[in-house]
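Novice: Residues per chain are reported as follows:
Protein chains: 2
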Amino acid sequence: MKEINIGLLGCGTVGTGVAKILIENRDLIRSRVGANLNLRRVADIDLKSDRGIRFDDGVFIADAHKVVDDPGIDIIIEMIGGEGVAKDFILRAIDNNKQVVTANKALLANHGNSIFKAAAEKGVDLAFEASVGGCMPIIKSLRESLVGNHVKSMTGILNGTCNYILSRSTDDGSSFEDVLAEAQEKGFAEADTTLDVEGIDTAHKLAILTSLAYGMEINFKDIYIEGISNITPMDIVFAGQFGYRIKLLAISKDTGNAVDARVHPTMIPFDNLLSSVNGVLNAITISGDAVGDVMLYGHGAGMMPTASAVVSDTVDIARNLLSGTSGRVPLLSYQMENIRKIPIIPVDEIFTHYYFRFSAVDRPGVLSKISGILGDLGISIKSVHQKGRKTKGPVPIVMLTHLAKEADVQKALTKITTLDVVKDRPVLIRIEDEDEQD
Amino acid sequence: MKEINIGLLGCGTVGTGVAKILIENRDLIRSRVGANLNLRRVADIDLKSDRGIRFDDGVFIADAHKVVDDPGIDIIIEMIGGEGVAKDFILRAIDNNKQVVTANKALLANHGNSIFKAAAEKGVDLAFEASVGGCMPIIKSLRESLVGNHVKSMTGILNGTCNYILSRSTDDGSSFEDVLAEAQEKGFAEADTTLDVEGIDTAHKLAILTSLAYGMEINFKDIYIEGISNITPMDIVFAGQFGYRIKLLAISKDTGNAVDARVHPTMIPFDNLLSSVNGVLNAITISGDAVGDVMLYGHGAGMMPTASAVVSDTVDIARNLLSGTSGRVPLLSYQMENIRKIPIIPVDEIFTHYYFRFSAVDRPGVLSKISGILGDLGISIKSVHQKGRKTKGPVPIVMLTHLAKEADVQKALTKITTLDVVKDRPVLIRIEDEDEQD
Chain A
173 MKEINIGLLG CGTVGTGVAK ILIENRDLIR SRVGANLNLR RVADIDLKSD RGIRFDDGVF
233 IADAHKVVDD PGIDIIIEMI GGEGVAKDFI LRAIDNNKQV VTANKALLAN HGNSIFKAAA
293 EKGVDLAFEA SVGGCMPIIK SLRESLVGNH VKSMTGILNG TCNYILSRST DDGSSFEDVL
353 AEAQEKGFAE ADTTLDVEGI DTAHKLAILT SLAYGMEINF KDIYIEGISN ITPMDIVFAG
413 QFGYRIKLLA ISKDTGNAVD ARVHPTMIPF DNLLSSVNGV LNAITISGDA VGDVMLYGHG
473 AGMMPTASAV VSDTVDIARN LLSGTSGRVP LLSYQMENIR KIPIIPVDEI FTHYYFRFSA
533 VDRPGVLSKI SGILGDLGIS IKSVHQKGRK TKGPVPIVML THLAKEADVQ KALTKITTLD
593 VVKDRPVLIR IEDEDEQD
Chain B
173 MKEINIGLLG CGTVGTGVAK ILIENRDLIR SRVGANLNLR RVADIDLKSD RGIRFDDGVF
233 IADAHKVVDD PGIDIIIEMI GGEGVAKDFI LRAIDNNKQV VTANKALLAN HGNSIFKAAA
293 EKGVDLAFEA SVGGCMPIIK SLRESLVGNH VKSMTGILNG TCNYILSRST DDGSSFEDVL
353 AEAQEKGFAE ADTTLDVEGI DTAHKLAILT SLAYGMEINF KDIYIEGISN ITPMDIVFAG
413 QFGYRIKLLA ISKDTGNAVD ARVHPTMIPF DNLLSSVNGV LNAITISGDA VGDVMLYGHG
473 AGMMPTASAV VSDTVDIARN LLSGTSGRVP LLSYQMENIR KIPIIPVDEI FTHYYFRFSA
533 VDRPGVLSKI SGILGDLGIS IKSVHQKGRK TKGPVPIVML THLAKEADVQ KALTKITTLD
593 VVKDRPVLIR IEDEDEQD
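Residue numbers (the numbering used here), protein chains in the order written: chain A, 173 to 610; chain B, 173 to 610.
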């Protein structure tokens, strides 16, 4: 029997899941691969916590250097996370001619170009299925299953915490703060949720997918990012009245010579299957010139679903080693020499449909002032709804627009904010609705 | 630049789609693969029809033998379909040491074991992603992405014609016959729809997936198959009142030493995402011990979506050729020597939940007679509903059961049919509802 030796760096939640699968499903994996995948070394600075796994003597150690420098190890699985030592260990593993598996989206989004360059130069494989969408085979779909397609667009729900919060708010009207606090208490959400709720984690993933889809260098910094912390139950209810649900979407579209890539709360129609993806679940729709729309759906995070993807990558690489090949599928989906710098369109230049909610005093002439400013900037209103009239205080006025340019919309909202009849900064939520063509 | 030469057998709908992608997206494919994929030969007995493609001189010929025997061809794509010459050409291509791509589910379901054996003995790759679920990467997911998982179950909507008919009946109450006739007129449905509406096509696909998931020989003949031709708008409406939609499902479950594999109309709850898969779309949920549930969704048929999957297989094999390897991923997901004969449970022995509709005269004592027979056979009734009372003629009595054994259910229905107060054979529709545990 052939043997493939694996070193695991980091034995936290997902790392433990990976170890569990490699140990508990060892026979299953051998029956499929025709070789033993041996977890030879596991490094973690925390040697004490009980992970529910019995490692053989000498496997579990504190010093990750001893893993990446071990000449007997073929594949390094990096489960440390973050952009610090994880990067150093990955680069060192590559330098040692080891194949690498990682789930580290923050690292790849920010430093992927140089890491992939290093891997390509050394001719080692670097797999990262688990960096986006947990168990969903998104990376494999883009790199392999859709290889004959020009990808036209991708639309994804890629952060379970955000989707849980929005789903709960939709179901029972709870506020963002309440659901978040509850999710943290139950352990669904991290103590520091900035990366999640501000959309940054989603944008890390979108940066990776966008590179794979269009054959471009990873470009995280130009992705427009807006999180969900300002989404109120009121807007969720109004969205429902128009046949929409609000989801934090990662959106990416090929526009010819550039790419539209952005992350923001988005209204999508009920008949878009993504609107039915609830709780911590993730999903992504990829649209290609031949396939039409394909959707993948599943757990985007969590110990075992993520570990499943890591093991899938590990087996993929093991199969390459057993076949005596590497670089069989290019790292970023396109041959390195064909990867271009494709610009991401500044958000100011996008055209989309908008939902606005103004908080205005209930007085004749208000609508005329607001719609006058919108009209002056060429923003065409599709419908206006005054939502309930209180005897005192401001009332919500909701407007849906035809296609409008973001820069014009921002200018208009800034002007409208200065009206004395308008209280607070208006709410803006973008709409993705394929049935609305103008 | 490296060159991979391809021969296409059959240039009907999907074959034409394959040719289109290989020709029109040739540069895209080269930029990803790093080699030219050349469509060297296309064989079809119909040389006259306009396919909207300009082939180079000498490419398009009538004699398929000249393709499979051409020593310059590396990969044969079989798009002839059926179980006749398609089989002969595939075996001859294998014998000529050529790699093969096919979408021929009927052939693989019925003759796959011997075909895969021949391919394994010759050491050639045989890829068949397009045989199940069109563009959805189901085969790749089972063979690669879920490699670290014990598959627990699969539940799929795998026939677009059936799903279109059931969706339309659900939406507007049209009868099976009316929707079918309309679909045939519009060209969605074949002239002979037996394979589709009787569930046979779905069972072909299930036979292939079941083999891949559990590491067993393909066993089509033991799959229980029931089509949709007896599903009435009335049952669809009643299903809705219980929170269910009716879908033609392919179901497969690992039960330990055997597999439960069957195709039949099934009621599934609204909150199962499969219930929202409408029209000609397909979807499948795969449940694994690590991943939980993963769902794939997309066009399960049609020229370009199916062709996209064929091209994906072709590129996969081209990459193997370029890497100088074959058999990198075993044909049927498990190493040949690990593929077992696992029995499929006879449908009589399954336990599930049932919906019954009896057509009974509206007279005191009827319910007692029916429920008496069910009780005698140990079938526990969850609820009974008398649906509307006419002044004359029989009325529908609907019952939902707790878990019951199919053999007992069939015995009970046969007895109930003999009651003079019961008109017609009772309607039976099985229910898959994970929330119902007993």
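If you are wondering where the hints come from, they were derived from the structure by calculation, not from laboratory data. There's no promise every hint is true.
[What the hints assert, rightly or not] Label-pair distances were calculated between CB atoms; the ranges are: (1) A:D443 with B:K564: 54 to 62 Å; (2) A:A363 with B:D443: 29 to 37 Å; (3) A:G537 with B:F414: 38 to 46 Å; (4) A:D267 with B:E293: 39 to 47 Å; (5) B:L494 with A:G547: 55 to 63 Å; (6) B:N429 with A:D443: 41 to 49 Å; (7) A:N208 with B:N285: 25 to 33 Å; (8) B:H557 with A:D350: 36 to 44 Å.
Every residue gets a Cβ at the ideal spot worked out from N, C-alpha and C, and that includes glycine.
Novice: Decide, hint by hint, whether the structure agrees.
Specialist: Now for the hints, and whether the structure bears them out:
no. : hint                           : in the structure
1   : A:D443 with B:K564: 54 to 62 Å : violated (42 Å)
2   : A:A363 with B:D443: 29 to 37 Å : holds (31 Å)
3   : A:G537 with B:F414: 38 to 46 Å : violated (53 Å)
4   : A:D267 with B:E293: 39 to 47 Å : holds (42 Å)
5   : B:L494 with A:G547: 55 to 63 Å : holds (59 Å)
6   : B:N429 with A:D443: 41 to 49 Å : holds (43 Å)
7   : A:N208 with B:N285: 25 to 33 Å : holds (28 Å)
8   : B:H557 with A:D350: 36 to 44 Å : holds (39 Å)
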